[in-house]
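**Student:** Residues per chain, in single letters:
There are 4 protein chains.
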Amino acid sequence: MGDGVSIKAGIVGGAGYTGGELLRLLVHHPNVEIAFVHSNSQAGKPVYDVHKDLLGDTELSFTDSLQPDVEVLFLCVGHGEAKKFIEAHDLPQHIKVIDLSQDFRWNESINEATVTEAGRTFVYGLPELQRNAIKEAENIANPGCFATAIQLALLPLAAENLLTDEVHVSGITGSTGAGQSLSATSHYSWRSSNISNYKALNHQHLNEIRRTLQGLQEEKLPEINFVPYRGPFTRGILCTSYLRSNQSLAEATNKYKAFYKEHPFVSISSTTPDLKQVVNTNKCLLYLEKQDKNLVITSMIDNLLKGASGQAVQNMNLLFNLPEKAGLNLKGSAF
Amino acid sequence: MGDGVSIKAGIVGGAGYTGGELLRLLVHHPNVEIAFVHSNSQAGKPVYDVHKDLLGDTELSFTDSLQPDVEVLFLCVGHGEAKKFIEAHDLPQHIKVIDLSQDFRWNESINEATVTEAGRTFVYGLPELQRNAIKEAENIANPGCFATAIQLALLPLAAENLLTDEVHVSGITGSTGAGQSLSATSHYSWRSSNISNYKALNHQHLNEIRRTLQGLQEEKLPEINFVPYRGPFTRGILCTSYLRSNQSLAEATNKYKAFYKEHPFVSISSTTPDLKQVVNTNKCLLYLEKQDKNLVITSMIDNLLKGASGQAVQNMNLLFNLPEKAGLNLKGSAF
Amino acid sequence: MGDGVSIKAGIVGGAGYTGGELLRLLVHHPNVEIAFVHSNSQAGKPVYDVHKDLLGDTELSFTDSLQPDVEVLFLCVGHGEAKKFIEAHDLPQHIKVIDLSQDFRWNESINEATVTEAGRTFVYGLPELQRNAIKEAENIANPGCFATAIQLALLPLAAENLLTDEVHVSGITGSTGAGQSLSATSHYSWRSSNISNYKALNHQHLNEIRRTLQGLQEEKLPEINFVPYRGPFTRGILCTSYLRSNQSLAEATNKYKAFYKEHPFVSISSTTPDLKQVVNTNKCLLYLEKQDKNLVITSMIDNLLKGASGQAVQNMNLLFNLPEKAGLNLKGSAF
Amino acid sequence: MGDGVSIKAGIVGGAGYTGGELLRLLVHHPNVEIAFVHSNSQAGKPVYDVHKDLLGDTELSFTDSLQPDVEVLFLCVGHGEAKKFIEAHDLPQHIKVIDLSQDFRWNESINEATVTEAGRTFVYGLPELQRNAIKEAENIANPGCFATAIQLALLPLAAENLLTDEVHVSGITGSTGAGQSLSATSHYSWRSSNISNYKALNHQHLNEIRRTLQGLQEEKLPEINFVPYRGPFTRGILCTSYLRSNQSLAEATNKYKAFYKEHPFVSISSTTPDLKQVVNTNKCLLYLEKQDKNLVITSMIDNLLKGASGQAVQNMNLLFNLPEKAGLNLKGSAF
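Protein chains in written order, with our numbering: chain A, 8 to 342; chain B, 8 to 342; chain C, 8 to 342; chain D, 8 to 342.
Since the list can't tell identical chains apart, any single copy or any two copies may satisfy a pair.
Derived DSSO-like pairs: lysine-lysine, alpha-carbon spacing no greater than 27 Å straight-line:
{"#": "1", "residue 1": "Lys15", "residue 2": "Lys90"}
{"#": "2", "residue 1": "Lys297", "residue 2": "Lys268"}
{"#": "3", "residue 1": "Lys297", "residue 2": "Lys227"}
{"#": "4", "residue 1": "Lys262", "residue 2": "Lys300"}
{"#": "5", "residue 1": "Lys91", "residue 2": "Lys15"}
{"#": "6", "residue 1": "Lys206", "residue 2": "Lys262"}
{"#": "7", "residue 1": "Lys332", "residue 2": "Lys59"}
{"#": "8", "residue 1": "Lys262", "residue 2": "Lys297"}
{"#": "9", "residue 1": "Lys332", "residue 2": "Lys15"}
{"#": "10", "residue 1": "Lys262", "residue 2": "Lys59"}
{"#": "11", "residue 1": "Lys15", "residue 2": "Lys52"}
{"#": "12", "residue 1": "Lys227", "residue 2": "Lys206"}
{"#": "13", "residue 1": "Lys300", "residue 2": "Lys227"}
{"#": "14", "residue 1": "Lys15", "residue 2": "Lys142"}
{"#": "15", "residue 1": "Lys264", "residue 2": "Lys297"}
{"#": "16", "residue 1": "Lys227", "residue 2": "Lys262"}
{"#": "17", "residue 1": "Lys268", "residue 2": "Lys59"}
{"#": "18", "residue 1": "Lys52", "residue 2": "Lys264"}
{"#": "19", "residue 1": "Lys206", "residue 2": "Lys59"}
{"#": "20", "residue 1": "Lys52", "residue 2": "Lys268"}
Rather than coming from a laboratory, the hints here were simulated on the basis of the structure. Source: prediction; values computed, not measured.
With the rest of the complex left out, here is chain A (with noise of 0.2 Å):
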């Protein structure tokens, strides 16, 4: 399984954060070939001038034409260009699309696919979650970061019906997840040695956490409230979630180990986790911790591999019957 396949794949908006990693873990990858990578921007540079670390690595060029010969096609565009990119272009139907942005995550139900205007119909690709329909479908929707770290600290809950009382989340994320654009707030003066909350019980990804959770528990969701904060470092996200419990802690623990036991990127730790465990790698870690009444679950993830081009890989490993960790047993960088 997985010998001697090479799949051809392309990449659309390859310039940025997420297309320099899915890159950085293509170039590597023993079933894929690397037939094109698009940049508007970048079209005739070698790819290591702007993704400078792949010197060595690669001799691609970014080009600004499409090649439609392609088994899959990645969209690392920004969110609402994946949309357009998709009704602009009248792709062969039999190149399957992994869409890293958040255009093609948003239905009613987890249960059922987005379907585009043309007929495309887009499977939310959490792996963990919807391995089965994963594997079947045509094309992926890739999940967000926060929403990839959160949902994999409740699932196990939701799977059981015992997402039964408010649950209270705070998050850290690293500067890589806003991207290569300049802001003040991606300024090193700013940020090095800084932190700040932002969109306080009010973040975006809170959505495509609900829908997920409450497609799969039956109960009514209750209140999911999230503070995510900006943190000084570059890569992943920690999170931590507590909600009252019935369940002891031994309980929770066999439930979740349960729940990951066939998932070869999900651990439980049993001792007191860090967020360097996971930075450079697709792995997320989980902790659980029994408070007096409340069970805490902290979650760990790298935001550009598991939150965004590693999950992506993986859904393409998964999408082509591929084992599901090719190309993706990373060294993580420890410190």
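Put chains B, C and D on the given structure of chain A with help from the hints.
**Tutor:** Relative to chain A, chains B, C and D alone:
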């Protein structure tokens, strides 16, 4: 008021972080003469051998003997050590003690002073709550850093019996809060670009906070849930608190402004704040938002200043009838 | 001396980094009244809308009109803009100008003042070299940040004709040296945990440095080689300079101590120094070593203070016969 | 070549930083089976208890006993400990030892192997210089991190007798270079946003560098002056070297490209580089400039990879005739 006055001060435990920060303040305080800086471990060495930034500011050396002819004695020793120090030394009653440890913060009610066996009474030194009691006090128990940030966020609500629903707090602290001892979580290679939570829903400052708020509010206090984080920066604490509230944003803002009107170190920001607005100052900055049914209060301080040594000086100023801001008009580092 | 004196000061270009830092100093300076803060881009806004840490310190707002009744005018505008400003405005001659740009630093010799077409003469404002000239000056050209750090490392040698062999300097600067403009190298995701050199052996401050040193030393100056680095921190500059020298460490140390004896902001450290000893102060710290045939001089300053706005205030103090340290007894951030 | 081959490897000193980094590489290496990971201090514990990011990657535990049936043994112990280990254990001669300490780097000339009393010969393992000797070697002395970065910057010049004038090097290292021991200079509160030099012109790697270069160049080697800095980041080394040179930039570039043509981990960048281009990879990136009479060479590596464990794996690949990049196609962290 203040002109020409000179208070003789002694410092015990001057080689640690809070001792150093106190020295940085007192060497430039217009109304203080530092009589001695006590340290068993560093006795004989110039103060600038340990607190190297003080080279050029003072020629003081550490001593291992105490001088009795001081008017105020700052205890900058570890938790538990302050109580031992007081018990082991027969300090003349005229010496006012300002203790930065937690040893004398604990009593049943904020409305009663803690009294030691030797008859020394300690008043909880949160000036924005207790200014008048502090002015009349014999000795001061200086509040904890997280406790200061969270109390200043909630005091105006407690004062009007508005802490009626469960409160949810998350907060991130810099590394200096853990002092200068070497440990795995203070190792640069670990902490840099990292984030982790600890003592989730179980932080020791919760007792201090609850006791204060309950002393102010007639209604029984609701649960206060607190998730603390270790952040990759050295100075500062930023907390986000939220609770259900019937007040409009305008109503809440007015109450906060009124409550802190006479308190020079607390400001209500009308724009989104960030931690570095208060770093290297004695300020507390508050920011209010209303999100649907919730009131969200962001509060931030420098943990070594308003959360420790700065507040200790503020308390000294009140004890000796100096201007409250004397020696505390600090240039923030801003970056 | 200084008591009760109040100098009326204006600031042009108050919305930038050096303008903000100057405001942080002047709002607490005992002998200054800020008459106006000029900014075309921010006119009408409170100063604390831009320099948010000043909330609670001042109620000043930016203005786009200049007031003529000031005694001193600080120009905190970009390189090239200061000259244009002087040419465009017919400033009364009694207003002393302190220019923080490089526009009036360039003249043939440190021993001559720069004179504008309108007859305004500028003295190079490095107090440790030119204190007397500054006291008599009409206007001041404030030195560059790297230039300050390197000159203070080498002045005592030049003064004794000891710069006889090639000098090698490396130095690392924090991000605030590049100002607040958004750029690829000021992006947090890029600069965090990163290091890079730039303008190796070709930095523009070399001319300024050479001119000064040659003015002091009779012998022809040797080559000065300088490799600057961008460091992952916000404030400060640390430089290491070395050259062949016949002096012993003791001889060199004595010469440095003698040279800086009357200069309150320069200290010679006898223990290995680090940058944070001077951050958020107006100090320059020097450290000498002898390695085999080489004399090694480490020098460090805060680029926004001794390297810009702090030195500007020091120059103002000298111009107006105030104590040299007035308003500059700053609490270092230390961490 | 390489397919299906599986080398049995043992690790001694597996609980430290280089041991952990080696594990991160070997758990994913296609041609390695880790037979044991030795650690006296952590025996019995799962490897992921110490190197927490390895949770999910391996179920190996530390052991305090050695297994003789390995083909290669990595020594990741401290300087001095490797020699003691070799003396204390009667290792079968067929086990090839790769030592990451400095213990067997020291010999008179790069052209002779170091021989222990027990007759074990060590070849200096810098593959870009010694690939053929390494392929035939019995044991490897793995180079130092700064030594690797500086040698790779200067080898092409030494190879052509062009190191004719004094060389000046400055370099900045991340904190992991100092290992995991707790010390004042590894304390987060100290090192964050700080910079300091150490061992100026006196670093222990200078001997290693000089010995290598002199072995390659016929002409007597000139002085090599080196100022090392501790930087506020965890991974990586960036060095700038310069010397007088008669070559044009084009000539020098051609020589460097020719020298490294067959070496897959070294690239010559044509655009200004920065450290993060190599972090979390086994690459060395070089950048050349000509400034007036000087040739300036910037070189950078990840100190834990090309500067330690990555180079050790590269050496193992050569020793066992595996593809040189096997297990070393690493995804850089880039941010």
